[in-house]
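Generate the whole structure from the sequences, applying the supplied hints.
Protein chains: 2
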Amino acid sequence: MNIRTEIIAVGSELLLGQIVNSNAQFLSQELAELGLSVYYHTVVGDNPSRLESAINNAKERSNVIIFTGGLGPTKDDLTKETISKVLGRELTFDVEALESIERYFTQTKRIMSENNKKQALVIDGSYILKNDYGMAPGMAVDIDGMIYMLLPGPPSEMKPMFENYGREYFQTKLGFQDKIISRVLRYFGIGESQLETDIQDIIDGQTNPTIAPLAADGEVTLRLTAKHKDEHIAQKLLNETEKRINDRVGEFFYGYEQTTLVHELNKLLMKKGKTISAAESLTGGMFSEYITSLDGASQIFKGSIVSYTNEVKEQILKVQKRTLEQFGAVSEECAREMAEQIRKLSKSDIGISFTGAAGPQPHEGQPVGTVFIAISMGDQNSNVFKLNLAGSRKGIRVRSVKYGCHYLVKLLNEIE
Amino acid sequence: MNIRTEIIAVGSELLLGQIVNSNAQFLSQELAELGLSVYYHTVVGDNPSRLESAINNAKERSNVIIFTGGLGPTKDDLTKETISKVLGRELTFDVEALESIERYFTQTKRIMSENNKKQALVIDGSYILKNDYGMAPGMAVDIDGMIYMLLPGPPSEMKPMFENYGREYFQTKLGFQDKIISRVLRYFGIGESQLETDIQDIIDGQTNPTIAPLAADGEVTLRLTAKHKDEHIAQKLLNETEKRINDRVGEFFYGYEQTTLVHELNKLLMKKGKTISAAESLTGGMFSEYITSLDGASQIFKGSIVSYTNEVKEQILKVQKRTLEQFGAVSEECAREMAEQIRKLSKSDIGISFTGAAGPQPHEGQPVGTVFIAISMGDQNSNVFKLNLAGSRKGIRVRSVKYGCHYLVKLLNEIE
Chain A
1 MNIRTEIIAV GSELLLGQIV NSNAQFLSQE LAELGLSVYY HTVVGDNPSR LESAINNAKE
61 RSNVIIFTGG LGPTKDDLTK ETISKVLGRE LTFDVEALES IERYFTQTKR IMSENNKKQA
121 LVIDGSYILK NDYGMAPGMA VDIDGMIYML LPGPPSEMKP MFENYGREYF QTKLGFQDKI
181 ISRVLRYFGI GESQLETDIQ DIIDGQTNPT IAPLAADGEV TLRLTAKHKD EHIAQKLLNE
241 TEKRINDRVG EFFYGYEQTT LVHELNKLLM KKGKTISAAE SLTGGMFSEY ITSLDGASQI
301 FKGSIVSYTN EVKEQILKVQ KRTLEQFGAV SEECAREMAE QIRKLSKSDI GISFTGAAGP
361 QPHEGQPVGT VFIAISMGDQ NSNVFKLNLA GSRKGIRVRS VKYGCHYLVK LLNEIE
Chain B
1001 MNIRTEIIAV GSELLLGQIV NSNAQFLSQE LAELGLSVYY HTVVGDNPSR LESAINNAKE
1061 RSNVIIFTGG LGPTKDDLTK ETISKVLGRE LTFDVEALES IERYFTQTKR IMSENNKKQA
1121 LVIDGSYILK NDYGMAPGMA VDIDGMIYML LPGPPSEMKP MFENYGREYF QTKLGFQDKI
1181 ISRVLRYFGI GESQLETDIQ DIIDGQTNPT IAPLAADGEV TLRLTAKHKD EHIAQKLLNE
1241 TEKRINDRVG EFFYGYEQTT LVHELNKLLM KKGKTISAAE SLTGGMFSEY ITSLDGASQI
1301 FKGSIVSYTN EVKEQILKVQ KRTLEQFGAV SEECAREMAE QIRKLSKSDI GISFTGAAGP
1361 QPHEGQPVGT VFIAISMGDQ NSNVFKLNLA GSRKGIRVRS VKYGCHYLVK LLNEIE
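Protein chains in written order, with the numbering used here: chain A, 1 to 416; chain B, 1001 to 1416.
By construction, these hints were calculated from the structure, which means they are not laboratory data.
Ideal placement from N, C-alpha and C gives every residue a C-beta, glycine not left out.
Mixed in with the good hints, there may be bad ones.
With beta-carbon atoms standing in for the labels, derived distance ranges [to be verified]:
(1) B:Gly1378 x A:Pro362: 28 to 36 Å
(2) A:Asp144 x B:Arg1103: 56 to 64 Å
(3) A:Asp132 x B:Ser1012: 31 to 39 Å
(4) A:Tyr133 x B:Ser1012: 44 to 52 Å
(5) A:Lys394 x B:Gln1299: 17 to 25 Å
(6) A:Ser156 x B:Lys1085: 41 to 49 Å
(7) B:Glu1052 x A:Glu13: 28 to 36 Å
(8) A:Thr74 x B:Lys1243: 33 to 41 Å
(9) B:Tyr1104 x A:Glu13: 32 to 40 Å
(10) B:Gly1378 x A:Ser113: 52 to 60 Å
(11) B:Asn1164 x A:Lys394: 25 to 33 Å
(12) B:Arg1103 x A:Leu174: 49 to 57 Å
(13) B:Lys1243 x A:Phe385: 51 to 59 Å
Right, dumping it as structure tokens:
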């Protein structure tokens, strides 16, 4: 069966440009992974006659139509009503959905107005897709071999509904025996083209799992997607491919899925029971801001000195005047002293420092992108790393912080 | 004439979910401002027969069709060719466009391959829209009262092309004599619903300029859009409405267009020749990071102490042990001492401090969202502000920093 899918988003706010159609992007990715071809996206306003004509158009050219939006309680929400009319199928109350809506109001201690009941109306004969993050349920119905799926508009409701129920509906409906499992591997410290070159033969020779690289914000991710009717075997296929890849580029691998370098650093500091403080020049507090963005940061982070001027480096951080005069603020020596000083002043196990030229102008004669990162861990000698980064002021600052986390993770993994 | 506009994006990468259709959002906003109604968005892949059917569909229901994408040099780029076929209009070489493409290669010192010439082909009789940021020109053509506009896919080329040439084409073509001028007013410290309530009668009674409120990240913006054939009068209409609005809510107004609170603070510190330093607890370095994100920050920002633990507050920031014991770290007294200490230690004109409970747990018995911000400006008494913020950990931190900038701007505006 040749499946031709169309995604119809319903909502005047899209046609006014108030929001972007991110739902269509999300669903397109999901459907591509399921192996369903998407041929059209359509956006239509909250207007019954134009929606009707969009549905009739879609019926001519597609055999799976996925709608987003227009399932809410207001009179503008008319997706179900219009589809019901076009298909000649009644709307009926779904008891479970109605109970769930009533429960939602009880839990959030609000009064339920009558129009909310409208959200429990479903197209007769449809399979209900539960809404775990809102009130309006979704639904899917097969009429004469055409599949219609209705999903809510807010991405926070639509995405989990599709992931948890919509995807499975299609797999069952279309008789896909295979479970589809994805795993995202995250890398830092290696460029996208280098990583691709290093594993090109694996990517090329590989169909299950497939391997899709993506670069963003100085990081590279690989998305592995395996299909198999036995979920354990799909997992095993992922494990094997991950191992083959990381045998080559494992030194740059730092975590799975949506994790971040600073999150991995945080976990590792907790695990090792170590505390950290920072002395930041070019990064201006960004490392501290990142690490304190996580709950429970006070267990591992004591504080920092943002020494943006030499005066603060000398007078608060107590870097020796001689060091600044002899080597300059952007130097290995200054970085080392900054890291050691912050560790001592804050009585932390680890001190990390960042000094460099973020641009747009060179700093103390050092070209833009020159960055020194020092890590002081007590008895051992401090480690100092020099970077030559390219890009914007913001890009240089962000990547400096990420490199700092990357080096810390490496060093922490080496100690007891 | 009732204008029904449709935007057709051409590109398989959209149907695979690799990119989001931000072009449709941008154009929808622009067209709404021009007063053109958008009835449909369509996305179709790089497939001539499906594009052909999308064009035929659009011809039935719309009288302005704007295409994005498919104007490039590769064989996948087939928008012009398909439209040419559907409309029965030849493609001809545009001499100026060809010269411009050749110039582009000369300037970027690259060799021009033959297929690049294809980009200079235009639909016979069209008005050329210059591409100032790429090679493929856009075009617009009126055939039997239907307007077809073709724009490139990359937003970096499409947006300036529409802003600089496309908009004017429509204004001239549709006989709009009016210049359309927008102005964005930015507010902080007032909620969207409060601001709307305060000026509801102005919004309701107002058609030129129109007033559109929008809330995001704890800020509210008002977009005023005036139309008049005389640009000076349009500006005057904007000035008058701005004055009427700010007579009521001016205390919350902080700037125009894309500016930020920290940017306004930075400008003001430069203008007044003042330096600043910060003592940050709950914000963890975010204020420092924001202020150092701007070029030239070292002229006004000396540094900061991120005192995430009481130990650092005492030992580096030199807050008295007694203050912490008697009042706690989340207190007016502690905030005041933090601000005064950082000002003295860093020898800055101004010290600002942030202490509070960002969550998810209460801090020292203070409920999540309790925040104290103190500003010390030397001889004067310090100002301390108490906030009770709601929202996520991140939201509380971001809004604390914004409130800090907001208070600083107010205080700086009061001094010489």
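We went through each hint and held it up to the structure:
no.: 1; hint: B:Gly1378 x A:Pro362: 28 to 36 Å; in the structure: holds, 34 Å
no.: 2; hint: A:Asp144 x B:Arg1103: 56 to 64 Å; in the structure: holds, 58 Å
no.: 3; hint: A:Asp132 x B:Ser1012: 31 to 39 Å; in the structure: holds, 33 Å
no.: 4; hint: A:Tyr133 x B:Ser1012: 44 to 52 Å; in the structure: violated, 31 Å
no.: 5; hint: A:Lys394 x B:Gln1299: 17 to 25 Å; in the structure: holds, 19 Å
no.: 6; hint: A:Ser156 x B:Lys1085: 41 to 49 Å; in the structure: holds, 43 Å
no.: 7; hint: B:Glu1052 x A:Glu13: 28 to 36 Å; in the structure: holds, 30 Å
no.: 8; hint: A:Thr74 x B:Lys1243: 33 to 41 Å; in the structure: holds, 36 Å
no.: 9; hint: B:Tyr1104 x A:Glu13: 32 to 40 Å; in the structure: holds, 38 Å
no.: 10; hint: B:Gly1378 x A:Ser113: 52 to 60 Å; in the structure: holds, 56 Å
no.: 11; hint: B:Asn1164 x A:Lys394: 25 to 33 Å; in the structure: holds, 27 Å
no.: 12; hint: B:Arg1103 x A:Leu174: 49 to 57 Å; in the structure: holds, 53 Å
no.: 13; hint: B:Lys1243 x A:Phe385: 51 to 59 Å; in the structure: holds, 55 Å
Checked against the numbered hints given earlier, the structure breaks only hint 4 and satisfies all the rest.
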